[in-house]
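*Asks:* Sequence:
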Amino acid sequence: GIVGSGEQYFPFISARDMARAMVHVLKTPKLNGPVNMCAPDGCTNAEFTSAMGSVLKRPTLLPFPGFAVSLLFGEMGEEVLL
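Heads up: the sequence shown at position 6 corresponds to 6 in my numbering, and the numbers run straight through without jumps.
Any given hint could be a false lead.
[Stated by the list, open to error] Restraint-style ranges between C-beta atoms, simulated for each label pair:
1. 58 with 23: 31 to 39 Å
2. 37 with 73: 22 to 30 Å
3. 67 with 29: 46 to 54 Å
4. 60 with 29: 41 to 49 Å
5. 32 with 57: 40 to 48 Å
Derived from the structure by calculation, the hints contain no laboratory data.
Ideal Cβ positions, reconstructed from N, Cα and C, are used throughout, including at glycine.
With the hints as constraints, model all of the structure from the sequences given.
*Replies:* Dropping the structure here:
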């Protein structure tokens with residue numbers, strides 16, 4: 001299910017795109033410093049959860065409420081909910 005409100009943006013990248021990006025970084029000596037790898041179009045946690053449920057053919061009905069995230073994970077949980 002969704003985490004918190006589900007409105008927070010969720011950066012992601014496919015394993016295939018990550019592998020190709022890593023090869024590109026290793027083969028391109030002109031690149032210097034940190035390299036950010038993520039999908040070109042972001043999505044919200046709710047959109048990602050819905051898509052993942054469809055792909056896995058699993059229901060995504062049970063949400064993970066924001067207060068529970070904060071209670072279980074403390075400050076790190078607060079960051080997840082931003």
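*Asks:* If I claimed the Cβ atoms of residue 58 and residue 23 lie 31 to 39 Å apart, would that claim hold in this structure?
*Replies:* 32 Å, holds
*Asks:* Take the C-beta atom of residue 60 and the C-beta atom of residue 29, compute their distance, and say whether it sits inside 41 to 49 Å.
*Replies:* 44 Å, holds
*Asks:* If you check the beta carbons of residue 32 and residue 57, does the distance land in 40 to 48 Å?
*Replies:* Holds: the Cβ-Cβ distance is about 44 Å, inside 40 to 48 Å.
*Asks:* Holds or violated: 46 to 54 Å for the Cβ distance of residue 67 and residue 29?
*Replies:* At 49 Å between Cβs, range holds.
*Asks:* Please check whether residue 37 and residue 73 have a Cβ separation lying inside 22 to 30 Å.
*Replies:* At 25 Å between Cβs, range holds.
Violated hints for the displayed structure: none, as all numbered hints are satisfied.
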